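Novice: Protein sequences, first through last, are from chains B and Y.
0 is the number of the first residue of the first sequence in numbering that gives the first Met the number 0; add one for each residue after it.
0 is the number of the first residue of the second sequence in numbering that gives the first Met the number 0; add one for each residue after it.
Rather than coming from a laboratory, the hints here were simulated on the basis of the structure.
Predicted model, so just to flag it, every value in this text is computed and none were measured.
Please note that the accuracy of each hint is not assured.
[Claimed, not checked] Only pairs whose alpha carbons sit at most 30 Å apart, straight line, appear in this in silico DSSO-like list of lysine-lysine:
1. Lys10/Y with Lys466/B
2. Lys363/Y with Lys466/B
3. Lys199/Y with Lys247/B
4. Lys251/B with Lys10/Y
5. Lys283/Y with Lys248/B
6. Lys283/Y with Lys214/Y
7. Lys251/B with Lys199/Y
8. Lys457/B with Lys283/Y
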Amino acid sequence: MYTFSSRLKTFSFVLIALGILGIGYSFLTAPKTVEDVEKILAAENAHGGHGADHEAGAAHGEDAHGHAAEGHHEATASHTSHGNDTHAEAGHQPDVHAAHDEHQEHLEHVLHQLKTKPWSAVYVAALFFMLLSLGALAFYAIQNAAQAGWSPVLFRVMEGISSYLIPGAIIVFILLVLGVMDMHHIFIWMDEDVVAKDHLIQAKTGYLNGPFFLIRAAIFMGGWIWYRQYSRKNSLLQDDANDNIYYKKNFKASASFLVFFIISESIMSWDWIMSVDPHWYSTLFGWYVFASFFVSGITAIALITVYLKAKGYLEYVNTSHIHDLAKFMFGISVFWTYLWFSQFMLMWYADIPEEVVYFKTRIEDYNLPFFGMLVMNFVFPVLILINTDFKRLSWIIVMAGIVILCGHYIDFFNMIMPATVGDRWFIGVGEIGAVLLFLGLFIFVVFTTLTKAPLLAKRNPLIEESKHFHY
Amino acid sequence: MSSHYEAPIRKPLIIGDKNYHDVTVDVARPVEGRANKQWWIAFSIALAAFLWGVGCVAYTVGTGIGTWGSNKTVGWAWDITNFVWWVGIGHAGTLISAVLLLFRQKWRMAINRSAEAMTIFSVIQAAMFPVFHMGRPWLAYWVMPIPNQFGSLWVNFNSPLLWDVFAISTYLSVSLVFWWTGLLPDFAMLRDRAITPFTKRVYSILSFGWSGRAKDWQRFEEVSLVLAGLATPLVLSVHTIVSFDFATSVIPGWHTTILPPYFVAGAIFSGFAMVNTLLIIMRKLSHLEAYITIQHIELMNIVIMITGSIVGCAYITELFVAWYSGVEYEQYAFLNRATGPYWWSYLLMMTCNVVSPQVMWFKKIRTSIMASFIISLVVNIGMWFERFVIIVTSLHRDYLPSSWTMFQPTFVDAGFFIGTIGFFFVLFLLYSRSFPVIAQAEVKSIMKTSSETYKRKRDQEHGNDNHSHSENH
């Protein structure tokens, strides 16, 4: 049996406490009024920060708003001429009055972005850790359904990671409910004023509406959690069984779950991620999101396995198991890049305005995170994990794993932030605080679950193969 | 690479009382024996179809592309449909030999040889379409970046059609090398068993002097693994590049980002169906039922079911996003597919590709040879229509209603397609009589872990020890 070391437990509490402080600070320091924003912009102007040219753009008219509108910040109530309807732009008069209105609109627009920023930081981190645990659950289901002979010694680790799905999903669900209740503006289509002026979103309200959105979320989360609990229960019952009945039940449940998963995962990604940019769409998006959190889930399995092995808890895990996990980290990293490239290149190549704006804002405003994540998620792991000997070294796995996890956090950051905070992004106290909070919670929940059952699934019919596994 | 212990729940992959020598004899029998009447009948039919195809191609090249049914609006129709279809079929071979190798699937060993042969023969068929759908095929060499006397006039590397050239030629070369490397020990086996000087000479040349030393085997394994690692991204990229032909365009119904992985899934889907079709016949005619067992067929059916579901998920995604996008052209493209003049082809594609693999959820159906055979044919028909639907229905009605038209194939379109089917079977029938159709060296490597005989022996030996796993028996 595993005992949760008190140092690790304290560490997780410290992370949670620091996270709460950071998030609290970011909410408290977020501007409340237009005057606050004016002060911030003035300070930026004085320092010659990036707000300077933004300001200038606003005074001159179209420039700054041209691309800000693409991030659909039509949310500000006074926003009439900056919808995506291009004919509305004709209303601009180059007189002083208009310039003043324009400035006022710009301030409200920035205020809106800055108010959403701490919420987005929490949302990105909450979603990332929840999906990471879902990725581990999907991996677990695949291992079960494929009757893998190498991985059963790691099943309890995977079950531990997937236990975070329950609190993680509840937190994300609460955030979604808060959105529908108009507490935050991550999802612009939830704002009735915006919808009233935007005929493109109006056409989608049959799908993008609060109640239906929450019902879908509840069904998906319920289905995932149900499978997680059911397979965990059977896995424990199989330990003391005399036959393989629970193993067979798990096999069937895993196959059914995977069918449910492929559908729910696609729709989930449209709902919770793609819809933050309600004007933009991509058919590949669901699978792209999947690859991102799937590789993160596998990486988490590898990191926790290496940790537990180092503490002497996983008797039968050898370097071959680690090697296999590392191969998956390598392979799925390449797969993620393949999907990233397919989506990016096809839109870049065809250059159809309504699609390509998605990448235009990211390349212009998020240049470093956008291309930096490619280095972290592809170049680095591919170069380091191609070597067979390296894939058996714990420190390489830990190093590559941390880079991959950070890289995929940035991937989620890049998916959410441009739509919610636009060019006002920054990885500061709020963002780091949110990551620390959910990391602490993740560690606490996962390692608590690991103490609840023996770390070796005893009577799994494939466990002997797994114990003797050598590659 | 295989662990020395195998769980009792795993079913044997070699059934019947087989030893190493039996494998050799069973694999060599079709090569060493003489062709029967059925083989000659099948070969004659295939050859006739092939020659008819040659005639149609000659007619096209001599007279012009106007002999086909393509028109000013629908510039691509059967030519590219058949091209994508054949490339897709070719993918299963590499999938079986490379991806299943990476996933250490022992059941691949009985089927990889024939699957790879199928890959190579179908890529050859596919490669003819890009050449002969050209208006001036005699200038086809201009697609190559060769220094020349036109001021070194170069190709534009921005076109997916040029990427196709590189993708297909690389794919064919790598598959050929991968296949041939695996054949060396098996050709050596035929060489060592040859009784006539002629066959001795032929198989001596083909086997490159393979002598099966430890060092050779070690390197052989290493090369197989590296090639499998290279062939996997290759196989994904090849069909991805084929999908780019459509997805990079601005045509509603073509320009969609899901095409790359969805084409790949469709390729696995149709490729496995074709492997199933061929192997179900081959195991019977060549008496290889002990190696290509019902379990192999069941597993292929499961792959078909999984990839069929992925394809189905992609169809639904495309439909949803067409609606969600709010782009009228996109919405109309899908409305036209479902209710336009080619509704029947869309319906056929949907039924064959989405409904038919779902019946594999029933064990009774996926373990029935007859049902598997029928479904494998249905899937191939469905996948042909998938390409036809994507290509023709997106082209015949797009942005300008004044350009709307219909497409009607001519006998030359059909003749070329029939010709490639004939050519494929000519090659496959010749292969099945002159090549070792099962990788005997690989099958022998799983004899001790996965054959029925050894499994029984192991159970008897370990029957009374206190390993918990033996309680199942």
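Novice: For the pair supplied as a hint, Lys251/B and Lys10/Y, is the alpha-carbon distance within the 30 Å limit?
Specialist: The hint holds at about 18 Å.
Novice: Holds or violated: Lys283/Y and Lys214/Y, Cα atoms, limit 30 Å.
Specialist: violated (37 Å)
Novice: Are the Cα positions of Lys363/Y and Lys466/B separated by 30 Å at most?
Specialist: violated (34 Å)
Novice: Are the Cα atoms of Lys199/Y and Lys247/B separated by 30 Å or less?
Specialist: violated (52 Å)
Novice: For the pair we were handed, Lys251/B and Lys199/Y, check the Cα-Cα distance against 30 Å.
Specialist: Judged against 30 Å, a Cα distance of about 52 Å means the pair is violated.
Novice: CA of Lys457/B to CA of Lys283/Y, is that 30 Å or under?
Specialist: violated (42 Å)
Novice: Between the alpha carbons of Lys283/Y and Lys248/B, is the straight-line distance 30 Å or under?
Specialist: violated (35 Å)
Novice: Would you check the hint for Lys10/Y and Lys466/B, treating anything up to 30 Å between C-alpha atoms as holding?
Specialist: holds (20 Å)
Hint compliance for this structure: hints 2, 3, 5, 6, 7 and 8 are broken, all remaining hints hold.
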